[in-house]
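Chemist: Residue numbers (this note's numbering), protein chains in the order written: chain A, 1 to 241; chain B, 1 to 43.
The set of hints was computed from the structure by calculation and includes no laboratory data. Warning: the hint list may mix true and false statements.
To be verified - Covered stretches of chain B (chain A as the covering partner; in silico rule of three or more C-beta atoms under 8 Å from a C-beta of chain A):
1. 6-14
2. 20-33
As the list claims (entries may be wrong) - Take a look, some chain A residues computed to stay more than 12 Å from chain B by CB distance:
3. Pro58
4. Leu99
5. Asp149
6. Phe210
Since this is a predicted model, take the numbers as computed values, not measurements. Ideal Cβ placement from N, Cα and C applies to all residues, glycine included.
If you want the building blocks of each chain, they are given just below.
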Amino acid sequence: MPTTPTPSTSSLSRPRWLLPFGWFAVLFFVGAQATALLLSQPDRDMGHLQKIMYVHVPSAWVSMIAFFVVFVASVLFLLRRDIKYDMVAAAAAEVGVILTALTLALGSIWGRPTWGIWWTWDPRLTTTAILLLIYVGYMSLRSFTEDEDRRARWAAAVGILGFLNVPIVYMSVRWWRTIHQVQSTPDTVDPYYVIGLRLNAFAFLFLFIFFVGMRYYIARLERARAAHLEQEAFVAREVHV
Amino acid sequence: MSEWFYIRLALGLAWVVIGGYALLLHRRRVAAELALREMGGEE
């Protein structure tokens with residue numbers, strides 16, 4: 001018989017909160033962007049370019065949360081050997097990769113008019129690019145084997161080891177001399193900017209929760225379908241024999 | 001190029017990526033639900 005147990009049909013129903021929460025997250029994002037972009041005044045040094053911070057900074061923050069979720073889910077998988085943790089880790093990694101790529105692209109667009117360059121091998125930029133490569137590797141690794149348990153174990157190892165780079169990315173602006181500014185705090189930023197940043201941080205967080213929830217639900221459906229196909233193939237083989 | 005070119009480029013990219021990913025997930029969800037329903041795997 002197939003080694004993959006077929007999930008019960010009741011466990012495959014879509015969580016009731018998912019779609020309403022998705023709409024809430026999208027509307028909150030639109031409201032947060034509009035509020036921050038329309039209310040913010042030009043910065044003394046950056047001028048209106050500081051408006052890019054309302055997408056660049058929240059994207060960077062939430063990408064780190066995404067990789068923390070991958071780390072926790074990977075540890076839980078290794079401890080409990082429950083495949084649902086592997087699916088959560090895969091979902092969070094996918095969203096984390098998108099947000100990290102977006103962070104780098106937005107930083108580059110901001111850097112051109114501010115620093116005069118699209119890219120430099122600055123420690124913050126370099127460690128973030130390495131972070132992206134690690135999790136792109138994590139995603140690639142998952143397609144190397146069809147064996148569900150082996151895939152989950154390999155991915156969990158990379159998900160745990162890869163997370164070591166996250167504190168390095170965060171601290172890179174303090175540990176090394178860098179062109180990238182150090183982390184701002186509410187004490188060093190105008191209150192107008194703090195409101196905009198906080199609103200958009202929550203907006204990105206809500207979108208992240210929705211994306212991971214939806215990606216996890218789709219993974220469960222696809223797994224059930226694969227198990228169903230496997231079962232049908234097994235029955236067909238038995239009949240043939 | 002003016003600063004507004006870079007602002008529009010950055011915001012446009014962010015919105016397209018987020019909207020595009022949401023749309024992609026929507027299409028994948030519909031396809032996965034349909035495939036499972038056709039196989040009789042859903043109540």
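Chemist: Look at each hint and say if it fits the structure.
Modeler: Each hint, compared with the structure:
{"no.": "1", "hint": "6-14", "result": "holds (count 7)"}
{"no.": "2", "hint": "20-33", "result": "holds (count 7)"}
{"no.": "3", "hint": "Pro58", "result": "violated, 10 Å"}
{"no.": "4", "hint": "Leu99", "result": "violated, 9 Å"}
{"no.": "5", "hint": "Asp149", "result": "holds, 22 Å"}
{"no.": "6", "hint": "Phe210", "result": "violated, 8 Å"}
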